[in-house]
Amino acid sequence: MLFSAWMVGEYNNSKCKKNAERVGHSFEYDNRVRRFGSVVAYVHRRIRANFERTQRTPLSKPVTEKTSSVDDFPELSSRVRTRTLQNGLRVIVVSRGQAPVVSFHTYVDVGSVDERPGLTGIAHMFEHMAFKGSSRVGTSDWIAERAALAAEEQTFLAWRDAVRRESPDAETRRAEFDGAHAHALEFVASEEYSTAIERAGGVGLNATTGTDATQYFYSLPANKIELWAWLESERFADPVLREFYKERDVVQEERRSRTDSNPLGKLIEEALIAAFDDHPYGRPVIGFQRDLEHFSRTEAEEFYKTTYGPEKMVLSIVGRVDPEQTFQIVERYFSRIEKNRPNPAPPEPVARITGEKRLEVALPAQPIYVAIYRRPNGRHDDDTVYHAIADLLGGGEYSRLQKSVVKTGIAVACQAGSQFPGSKYSTGFFIFAIPVQGRGVRDVEIAVEEEMQHLIREGPREQELAGVRERAKNEFLYEIESNAGLARLLAHNEAIGGGWRETFQFISKVNGVTASRVREVATALFQKENRTVVTLKPTNDANAAAPEANS
Amino acid sequence: MIITNSLMYNSYKNIEFPPLEDFAPEQPVVKTLQNGLRVYFLEDNELPLVRVRASIRAGAAYEPAEKIGLASICAQVMRMGGTLKNPGDALDDELGLLGATLDISMGGVSAGASASCLAEKLLRVLDLFNDILRYPSFPQEKIDLAKSAMRTAISRRNDQIGTMAQRAHQIAMYGRASVFAREPQYATIDSITRDDLLQYHRQYFNASRAMIGFVGDFKTSDIWPTVENYFGNWEVSRAPLAAIDTNPLPVHGRSVYFSEKSDVNQTNLYISGVGTRRDDPDWPALRVASFVLGSGGFSSRLLRKVRTELGLAYSVGGGFGAEYDRVGLFRTACQTKTQSTAQAIEAMLGEIEGLIRNPPDRDEIASAQDQILNAEVFEYDTKPEVLARRMTLDYYNYPPAFLQDVNRRVRTITPESVAAAIRRKLNPENLKIVAVGNRDGFDKPLANFGPVTEIDLSILDK
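Each protein sequence line maps, in turn, to chains A and B. The first sequence lines up with residues -5 to 545 when you count with this note's numbering. The second sequence lines up with residues 4 to 465 when you count with this note's numbering.
This is chain A alone, in the form it adopts within the complex (with noise of 0.2 Å):
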């Protein structure tokens, strides 16, 4: 999952993880990082291939009849209680468990492919000043906080304006946005909202923001399910967007360790700039650097005005609760919210053949080699069918691509994936791979295209399919063992995902993959001309990057 979330370009506002804590470091960076960090440092390591498992976004509606002896788990289906407030605000709730714990999942439909050109990032940076409080959490002094918020913001739009103009006055007009931003800053009560979930008892403490959605999400001892809903609707009902221009710089940091001091970032930004040039998916969901040093407040504010809303808005609760008091408290919290009138989603984008794109990025690093093959949104009928392709090719130590491109010693390294970046637009199949030293990205796309026309010309086995089908089973299960992790996917589906009892079909559905339905969707999916290969080209050989020698 963390792989898997990493690539498919999730950024969260994590900081310290309470969990790393728990079991003994004193500290720990975004796991995510540094999972993905050994993974190209220790490739030796053989790597878990979970790409799938957080993102499967299964079918609205059943491909196929069930087949015979499919568990869907009607016991657990069975204690899922919803209810919809009268805003439009929707809530699951699943009693379970012994320990008297509770996880908490607020989904929100509203992602990157949300953003208007020259304001990308909006979307994450809104998901960081959401948990910078309200008028009653963060502040010492609202009245006159929000005065000097006003004055800060009139003194960043002017410089702005300045800078734009080429102005002579633009210093001037910053040192005046400096002092107003300094004077702001003093009525911040620091870190109020979060401190009060930690001092609870809190765990998780954590929110992302990916292409498609924006989530947050954390645990709490049972008891306290109303500070949850309190601080929860309270984020919504009454955003302050204090520190904001703190937080961008925050937000640049990010953007640095992930991206720009990273080598597999910059190659992922370029392939996915390359590969949806005509969509929303294409832009970064962290932000383009120009446009994370330009945005201002306002623009941040406007964009939760006009994209966030109770309609779109799934709260998730899985552990040890009482349903029906459950929905009392959520009700009484969160009916506050108020309905927007939020923009048009983003069209989908017209299925297109452009013919092939390639592309080398230079960079002193090591060679690494994706590829993006266009398909169809994660609601398709065909959804599992792509996910049974990852799966049979590049899920693991069973999988073709294992056999044929790591096993023959061409690469360390070769995973197949089957939604990227996102699953509710039309979008991307993936291969990434890590030749070994001293081979090329060519050898790998030989051998990996050797094993894409072998699936088109004789279709997977009866056993590989076979495997596909326990290997869903296990991963379905190990995902919703957790009161976090069921409580996620209930949310993914509801939001996004065509309702939450889909959580429920996806095992029927990917037994009904035939194999002659693989073969159709492989070779149309397999052509050259719907593909973007982008390759890490080493701009110096044996020693890439090692440090200069007394310098």
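If you're looking for bench data, these hints aren't it; they were derived computationally from the structure. Any given hint could be a false lead.
[Claimed, not checked] Derived pair list, reagent style DSS-like, types lysine-lysine, alpha-carbon separation capped at 25 Å:
no., chain 1, residue 1, chain 2, residue 2
1, A, K240, B, K447
2, A, K522, A, K260
3, B, K222, A, K240
4, A, K299, A, K240
5, A, K531, A, K351
6, A, K299, A, K333
7, A, K397, A, K522
8, B, K222, A, K467
9, A, K397, B, K88
10, A, K397, B, K447
11, B, K88, B, K150
12, B, K34, B, K222
13, A, K401, A, K260
14, B, K308, B, K447
15, A, K299, A, K401
16, B, K308, B, K428
17, A, K522, A, K351
18, A, K397, A, K467
19, A, K401, B, K150
20, B, K70, B, K150
21, A, K531, A, K260
22, B, K88, A, K401
23, B, K70, A, K401
Since the structure is predicted, the reported quantities are computational estimates derived from the model, not experimental observations.
Since the structure of chain A is provided, determine the placement of chain B on it from the hints.
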């Protein structure tokens, strides 16, 4: 749970919580086989899944200095190569078909094996687990593949600044020769033979160095005979583990360790010193101090200063590290843009010095205590977690109630006791600053912070 209030509270601070339901997690059943192997069972019937894990007293620390990489390759080839009965490629196919996983892992001072599967496949997976753990065949073809993968990893060592900084940090804190800092080179990989792997496996993978745990959907009485049958005849070994030096280097004064990476726009920073052990009487107080300094999430001092107030970093944090069987590191870290490198170092040093100058006050301690104690239920809210904790404590010969004991002592921490513990264990004048980045763009020379030692991370030719 009883809800009496039907209105919204005006402030979250006024919410009255019902008492938390009492919860005593079920503990694993522990059985000992005639060869001394301890086996743990914890039944969990909610979902039809089973996990198996073995902890083994082995690790890269025990490989010879001229064959660094041996332990890691041993673990890989155990799994990749399989056994005569279950060759690796067939094993991959079978596990794929079962939807099961089976992995061997190798750490610095520990090794492990783990498997997961649907409950109905447990007997077969257990058969494979036993076979792989005990009878690996180490086929030459897979050894060559693993060695080539290791060479590839070496060739990519300097691609990512994060891993470069981790390596520089280990070298600075432990010295190049330490088992925690040394790393494979082309030459050490090339020298590894099949006989080395067989010998390493024979020496470390035996009943005397292992413990095994099961958690999931099974009945202990049903699987016990099978477990006894498989592992009851696992060989024992009386040979003691070689003594290894696990201590960090002593730290005298302030010094700087630097390695250049010119193609990045961000510096990776560590500021570290000597930490403590878990069984040190100061540990509960230092745990509280770490929460206040930088491991306590958004409310910690480092976060609030370096990230929230100064906007200098996305990731920043740290605190006193403690290991079960050795002294850990006091470690803080952050990543900041090249141009604010010195500013970030100054801010971090300011917070570290602040622990002495301005020790945690009553509010900060109360906040840390609340965080630790209110979240205590998450230390044992799932059965895999209960099993893992218990096995870890047993592995290091700690009492089973150790965590509860630490938490009980956390409850009694006062400003005086935490300040005293900090003074005993932290001298802010004795710290090493480790930086990897592009020095041309630094806001001040690193020499401002102490004598600078260059750490050469270049890849040795072979």
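Sort out which numbered hints this structure fails and list those numbers smallest first. Result: hints 3, 10, 13 and 15 break, sorted rising.
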